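With chain E's structure known, arrange chain D on it following the hints.
Chains E and D are the protein sequences, given in the same order.
Counting in the numbering used here, the first sequence runs from 57 upward without gaps.
Counting in the numbering used here, the second sequence runs from 94 upward without gaps.
Simulated from the structure, these hints should not be mistaken for laboratory data.
Treat the numbers as computed from the prediction; the structure is a model and nothing was measured.
Take every hint as true, because none was put in to throw you off.
With a straight-line cut-off of 30 Å between C-alpha atoms, the simulated DSBU-like cross-links for lysine-lysine are:
1. K158/D <-> K182/E
2. K182/E <-> K105/D
3. K141/D <-> K107/E
4. K182/E <-> K160/D
5. K181/E <-> K105/D
6. K181/E <-> K99/D
7. K181/E <-> K141/D
8. K141/D <-> K182/E
9. K182/E <-> K99/D
Each chain is listed here by its residues.
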Amino acid sequence: MRNQSEHRKTEMIALTLNVIDIKAVLDYVTTEGSGGIDIFVGTTRNHSDGKTVTLLEYEAYEPMALSIMEQLIVEAKRRWPLNRAALVHRLGRVPVGEASVVVAVSAAHRSEAFEACRFLIDTLKKEAPIWKREHFSDGSAEWSGNNTQKAFSRTDHGT
Amino acid sequence: MRIRLKLFSVAKDIAGFDEQMFELAQNADTSLLLQRLIEAHPALADWKGTLRMAVNWEYATHSHKLKDGDEVAIIPPVSGG
Numbered sequence: 057m058r059n060q061s062e063h064r065k066t067e068m069i070a071l072t073l074n075v076i077d078i079k080a081v082l083d084y085v086t087t088e089g090s091g092g093i094d095i096f097v098g099t100t101r102n103h104s105d106g107k108t109v110t111l112l113e114y115e116a117y118e119p120m121a122l123s124i125m126e127q128l129i130v131e132a133k134r135r136w137p138l139n140r141a142a143l144v145h146r147l148g149r150v151p152v153g154e155a156s157v158v159v160a161v162s163a164a165h166r167s168e169a170f171e172a173c174r175f176l177i178d179t180l181k182k183e184a185p186i187w188k189r190e191h192f193s194d195g196s197a198e199w200s201g202n203n204t205q206k207a208f209s210r211t212d213h214g215t
Numbered sequence: 094m095r096i097r098l099k100l101f102s103v104a105k106d107i108a109g110f111d112e113q114m115f116e117l118a119q120n121a122d123t124s125l126l127l128q129r130l131i132e133a134h135p136a137l138a139d140w141k142g143t144l145r146m147a148v149n150w151e152y153a154t155h156s157h158k159l160k161d162g163d164e165v166a167i168i169p170p171v172s173g174g
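Extracted from the complex, chain E is given alone in its bound form (with noise of 0.2 Å):
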């Protein structure tokens, strides 16, 4: 897997392996038009369905996701006057609580800034081919997101 990250002039979409640089996100959506940055950071969590979790790990279907980010970002700028905004994921292993997704817009007043980042992490987690496995303290792991069916899981062997 590689890291992709397009930078155009008023958006920043990126999947990265690495720590995401919060505030070299921070940085890209300040600009001097700006009255207001909302940032929205989502953290891994240390437990889910009442069992403790060690670690997250997430896979993408990289083009097609962040195809959709773009997308997301367009249909946000349709929206709202954004000046400036910006999709950050992480993929693989992501230890529990570090960020694993970043969302950030600027604009001229505070409230389309609230309701731009809202809407972009809620639809994000709807539709961007992204997906979180969770490795449980007693070894077994499994893809979160599947809790209306039956839940799949097995014993991690490590591999």
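The following block gives chain D in isolation, referenced to the frame of chain E:
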């Protein structure tokens, strides 16, 4: 026609591969490809109702007509964020 099929997450684990080429008749659609996949890996049938499909990086219906060289992906329930 030849179609490249990509699997992810639960679907990849059940089928045991992440990419495979399929030979399909002209006019085949996404539902036919899914049916072929489930015939080869019956355990996927339990998940059928939850699987979305994508053609060339865009979500597609289960009646999307395929053409030679298309890249189709099986998209189990996503859980990014």
